[in-house]
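Q: Protein chains in written order, with the working numbering: chain A, 1 to 325; chain B, 1 to 566.
Misleading hints may appear alongside valid ones.
[To be verified] Partial chain A-side listing against chain B, Cβ under 10 angstroms, derived:
no.	residue
1	I25
2	M29
3	L82
Worth flagging that the hints you see were computed from the coordinates, not collected in a lab.
C-beta atoms are modelled at their ideal positions from N, C-alpha and C, and glycine is treated no differently.
Listed here are the chains, written in short residue letters.
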Amino acid sequence: MRHLLRNLALYAVAAWASLTLNFLIPRLMPGDPASTMFARFRGQLQPEAIDALRVAFGFTNEPLYKQYFTYVVHLFQGDLGLSVAYFPAKVTDVIATGLGWTLLLAGAAVIISFALGTTLGVVATWRRGGWLDSVLPPVLVFLGAFPYFWLAMVLLYVLGFNLGAFPLRHAYDDALAPAFSGEFILSVVQHMMLPASAIVIATLGGWMLSMRSTMVGVLSEDYITMANAKGLSQGRIMFHYAARNALLPNVTGFGMALGFVLSGSLLTEIVFSYPGQGYLLIQAVRNQDYPLMQGIFLTITLAVLGANLLVDILYVWLDPRTRTR
Amino acid sequence: MSRRLLMMCMSLLSLGGLVHCSKSPPEGAQPAPATAPAAVAAPKVTALTVIQEQQASWVRNFNPLLAPGNARWPTRAGIYEPLMIYNTLKGEFVPWLAVKHEWSADNKKLTLSVRPGVKWSDGQPFTARDVAFTFELLKKHKALDFSAVWAFLDGVQVKDDATVEFSLVRPYVPGLVYILHQPIVPEHKWKDVADPVTFTNETPVATGPFTEVKVFQNQIFELGRNPHYWQPGKPAVQSLRFPAYPGNDQANMALLTGELDWAGSFVPDIERVYVAKDKENNHYWFPLVGNTTTLYVNTAKKPFDDVRVRKAISMAIDRDQIVKVAMYGYTRPADATALSDAHKNWHNPKALESGDWTKLDVAKANALLDEAGYKRGEDGVRMTPDKQPMRYEINVVTGWSDWVRASQLIGQHLKQLGIDATLKTYDFSPYFERLQKGEFDMSMGWTSEEPTPYHFYRGLMGSETLRPIGEIAAHNWNRFASKEADELLRAFEGTNDAAEQKKLAGQMQELFVQNAPAIPLFPGPSWGEYNTRRFTNFPSASNPYAKLTPNSSPENLFLMVEVKPK
Numbered sequence: 001m002r003h004l005l006r007n008l009a010l011y012a013v014a015a016w017a018s019l020t021l022n023f024l025i026p027r028l029m030p031g032d033p034a035s036t037m038f039a040r041f042r043g044q045l046q047p048e049a050i051d052a053l054r055v056a057f058g059f060t061n062e063p064l065y066k067q068y069f070t071y072v073v074h075l076f077q078g079d080l081g082l083s084v085a086y087f088p089a090k091v092t093d094v095i096a097t098g099l100g101w102t103l104l105l106a107g108a109a110v111i112i113s114f115a116l117g118t119t120l121g122v123v124a125t126w127r128r129g130g131w132l133d134s135v136l137p138p139v140l141v142f143l144g145a146f147p148y149f150w151l152a153m154v155l156l157y158v159l160g161f162n163l164g165a166f167p168l169r170h171a172y173d174d175a176l177a178p179a180f181s182g183e184f185i186l187s188v189v190q191h192m193m194l195p196a197s198a199i200v201i202a203t204l205g206g207w208m209l210s211m212r213s214t215m216v217g218v219l220s221e222d223y224i225t226m227a228n229a230k231g232l233s234q235g236r237i238m239f240h241y242a243a244r245n246a247l248l249p250n251v252t253g254f255g256m257a258l259g260f261v262l263s264g265s266l267l268t269e270i271v272f273s274y275p276g277q278g279y280l281l282i283q284a285v286r287n288q289d290y291p292l293m294q295g296i297f298l299t300i301t302l303a304v305l306g307a308n309l310l311v312d313i314l315y316v317w318l319d320p321r322t323r324t325r
Numbered sequence: 001m002s003r004r005l006l007m008m009c010m011s012l013l014s015l016g017g018l019v020h021c022s023k024s025p026p027e028g029a030q031p032a033p034a035t036a037p038a039a040v041a042a043p044k045v046t047a048l049t050v051i052q053e054q055q056a057s058w059v060r061n062f063n064p065l066l067a068p069g070n071a072r073w074p075t076r077a078g079i080y081e082p083l084m085i086y087n088t089l090k091g092e093f094v095p096w097l098a099v100k101h102e103w104s105a106d107n108k109k110l111t112l113s114v115r116p117g118v119k120w121s122d123g124q125p126f127t128a129r130d131v132a133f134t135f136e137l138l139k140k141h142k143a144l145d146f147s148a149v150w151a152f153l154d155g156v157q158v159k160d161d162a163t164v165e166f167s168l169v170r171p172y173v174p175g176l177v178y179i180l181h182q183p184i185v186p187e188h189k190w191k192d193v194a195d196p197v198t199f200t201n202e203t204p205v206a207t208g209p210f211t212e213v214k215v216f217q218n219q220i221f222e223l224g225r226n227p228h229y230w231q232p233g234k235p236a237v238q239s240l241r242f243p244a245y246p247g248n249d250q251a252n253m254a255l256l257t258g259e260l261d262w263a264g265s266f267v268p269d270i271e272r273v274y275v276a277k278d279k280e281n282n283h284y285w286f287p288l289v290g291n292t293t294t295l296y297v298n299t300a301k302k303p304f305d306d307v308r309v310r311k312a313i314s315m316a317i318d319r320d321q322i323v324k325v326a327m328y329g330y331t332r333p334a335d336a337t338a339l340s341d342a343h344k345n346w347h348n349p350k351a352l353e354s355g356d357w358t359k360l361d362v363a364k365a366n367a368l369l370d371e372a373g374y375k376r377g378e379d380g381v382r383m384t385p386d387k388q389p390m391r392y393e394i395n396v397v398t399g400w401s402d403w404v405r406a407s408q409l410i411g412q413h414l415k416q417l418g419i420d421a422t423l424k425t426y427d428f429s430p431y432f433e434r435l436q437k438g439e440f441d442m443s444m445g446w447t448s449e450e451p452t453p454y455h456f457y458r459g460l461m462g463s464e465t466l467r468p469i470g471e472i473a474a475h476n477w478n479r480f481a482s483k484e485a486d487e488l489l490r491a492f493e494g495t496n497d498a499a500e501q502k503k504l505a506g507q508m509q510e511l512f513v514q515n516a517p518a519i520p521l522f523p524g525p526s527w528g529e530y531n532t533r534r535f536t537n538f539p540s541a542s543n544p545y546a547k548l549t550p551n552s553s554p555e556n557l558f559l560m561v562e563v564k565p566k
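Next up, chain B with everything else stripped away, as it sits in the complex:
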């Protein structure tokens, strides 16, 4: 009996296996012609297909008060909306849920007028009360206040339904961006939420252009339009679709098959790989408005406390080669102010002119080191005055190929100086811990990405961000502080006058150029690709109304309301 059973099982199994393997490929091949063109001519013409987050399966969460990455994109800017949006390309705040902001004379009070006639997606009116409520929530739950507005805020007061007033503990004008960019939640829904920190907000009620969760499955979700959206006739797109792609390779493949309409991926050699496949419809735009990729040197350690060493290292680096080899020519060499095109309007020509240490000049770099007393040893490696050979490690993240290639090149360049710099790769987490704790000689890194150069230089030479070695520092990984910088930063915090701000930012640039506290390599491109087969009116070099990339919230809102079906 049991034998017969076994026999049956065996034959069934083998039969099943054989049938499965021999028969199924033709079975699969039949519907194939249908699926392949289907991928090319997307299933729904009205849905804009986007990738921003890389995931293998979606977890439902639309809580806009959580840090980005925890809630599904575009919860913070798309479902919910901020008060105003900074347009990096234009260099100005664009009124959104608030129409006007005004500082008091002493810059300690900020008054916002909210937009009249805005409705939540359930039809209730949006008022200044919702704004105050949102900020009170952040005060009560510190884990939601990740731009730390309550570090400088004293209170929020509703003046009337259309006006809200923020009082600050000290004049802090650069804090404006954190207030204006805060997504606002409806009081009538959120006052009953027990714990907003662990709330997943599965059916959002919001003011944004896309508020209806039409589909939510493990590998795809779709957001439909807000019936009460305050911009008449917008958005023109019916819905946003988000298929799950676990990585860059999968996302890039979807770009090539034409499935994706909008992406912000890094695509190597994009002209050949992407544009050449369909010249008419495949487009990209990589404006240099990202943060600056920087070689950090640990100025708390010898010999990097010596400005001549820092400048010499910088002068020996062939940035043109790095840009070409490591970055496919997508960017240009950084200048000595380290600012990217995001801060174009702030550039100080005097600082630029005096900043010669980002230009390749190996002879001058060698002369500088000779003069400073770093003599070459017998093996060609220089010795510091206290007889240490100049052998250092460059901290890099495993698998970040652009950084890895760049630091390999830097290693070669520094050989000409008699400095032996070798690449040391770590997984992201240990890499970042070393960077933050100052446990490195040289390290690749990035800079802050905020509207004014204030934040930029505060993180590179302000003493407020300085921590001793071994303690985690959120910025200032180069561990450099200067009294002059502090004074300039303090003055900047207290002024609302554009001309004065520009003057102070100019002085910060001069200070940076003088001290070379970090070694800028190249400004980061802001990645963005789009396909015009189904939709038009994407931002581009010829129509630069906003950043193209979906990766820089809340600026993606500009695109969401402007893109149109063909």
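Next comes chain A alone, as it looks inside the complex:
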């Protein structure tokens, strides 16, 4: 428990630091949001209106520390301000249009990739020198070297566009309304298949290799020999004795990967016109939409911290040593 409490304090500090960076980094970018906005209209907007727009958007020339103070106060009230790119929508509303879909797509992809990669790692190491062990790692590493979005484009072009086997875009069929019906869920799964595969293919190798390398170490431990000598079943040794101990580094990695879910699937989403956060972030950067950028970075930060907290809790349960300390 003390272990957890100590960690919680650490998380609070990390959260504060990242909130502050969220505030500062966008403001260090060159250019200013009102003129970007003006530019979008390519001369349709008269210069007199810019100043009025600046006021409407809430841009001020206040000193930075005052802006920072307002930012923190508003944050605690759950008010992320109004988006500039989607003015006058609230940042929270804008993020809400995409967050769920991103979580679903990337979350599912990461979980599948983790589970599949780890299991493959366990099995391959157990039958060291077998065909699984000699063929899969190089192939997966090769595939993993491609960026997500490139694989996504290939899958989209070959399976979606040329063969017509998968839908080309969106998170569900345009003719359906979101509902908890079998038809809708099937449509969501079908639309997720290609983008999720792109992420899974690109990340599978990492999980498998890291699992394999720790498994190799664990398999030479005395207690494995002991378990063998006791005549335990192979499956029990493989999973209970070896895999459980070898899993720890992968679990840490899982925490990190879950956190990066929100940012990592960005380009894949754009390739498949997936209504997630990826495009929102690009839009925010293009339009110098500070409030939206802050909001999106905030969700990413919170996701990373939250995932790590989860992993910490999982550790306490997986690894008895953390409980005795």
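Put chain B on the given structure of chain A with help from the hints.
A: Structure of chain B alone, referenced to chain A:
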């Protein structure tokens, strides 16, 4: 116990993963034949599928008083409507919510007669009061007045239910377009809106052809017909559908699969990429009525203050090559008046004739620079009279491939002159800041896109738009001003006589040709594609009743009421 749990979790996870990965592709493949043809033969025949805005997910907003891009397209022209619409191809205002406009003798009063019998989509009558109310709103909320009508308006008065009178602070005839193009909102709904600047107007009440929000989801929305629309029997289209596409690539793919009926995207090599896929139904029309892509030189800096340098640079540029390589031959080289086909009726043949500096002539350009005292140094790069090598940067936006290619070519062309011009790419925002603040040597840019050449030349050589270097200028990025231009512009503002306007615009052209304040490259095509599998009567080269592009509001209204299902 915990071990068993872990074991269970592990096996469940791996099972889930395996099942998901091994089994699901065939599962997905089964309904696939159904979806693929479905994409070809759209789900609803009565809905016209359009892309105008590129978004990954829609945010619900139908406030027509906000700048375009903040409210969903076609809020400003489609859901709501303006008083009159300028038809660029015909060069005239077409009466819409107003049937007539009339200037007083001193051009300080503008009287509009509104169309009788128009109803809002909730059945209430539309009157002159709504017009006055809308303009009063703009006066109260400056952030909504983005065409700055209150910079020249003095007041708006309702004469009777059918007549409204605008009084101006000074004669300002070119301001007409801003008044006529203002979308009008209903007083009976908007008088209760607390803050129209942050109002998202989720269920619009309007006069346009499409006012009913039938579907609004994150990746698609659909607008249905206005039951009270004032043009009998129109629109013929049941509804407009807007799937969300985050970028050009995704939109172009939807064009190819036949999902989109109407688009205004840039498609490279369109004959081969799009038309050849289905010659009968896939069509495009790119009339040259956009703004002019221009190479701006900073005339506030040496040596660009020298007209001979500007002309020499222009003469060394091979516009034919730029048009072919950077623009896929979609346009033609610009002439020395810089006007596009949008201002065809205003062209002054005398100015055109004397404008030789947009024709490729490297020898003459070199002679001009020699004569002006810019001598070649040892490395072949010329020196200015104050001993500065002529090395400059061309400002371009990262990723705007047509501009990037064009400026690469310009760099090569200028080498023949002994000018070393290198390309410098920036993200849009810093690029635009440099352009506006005058912190550049040369920069790619665009021109204004308004009905008369008045606005065009005001932004290129009027002193009203001139700002010192370091200060943001909305137009006049070349930072050039001339007294003669000011006089012509002033005279233009004060006259309502077409012949007189044409004469003044002609003189502006001559002045531009004489001074070369900016270097025009090519007139911009107005992008438009359509598919006739389900709908007909789109504007085209053979039926040019309006612009095809959805990108130039409010002209898209012409198309919306004219397009018919097959």
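Q: Compare the structure with each hint and give your call.
A: Against the structure, the hints come out as follows:
1. At about 15 angstroms, the closest approach between the beta carbon of I25(A) and any beta carbon in chain B exceeds 10 angstroms, and the interface hint on this residue is violated.
2. For the restraint placing M29(A) at the interface with chain B, the shortest Cβ-Cβ distance is roughly 8 angstroms, inside the 10 angstroms limit, so the hint holds.
3. At a threshold of 10 angstroms, the smallest CB-CB gap from L82(A) to chain B is about 7 angstroms, leaving the interface hint in force.
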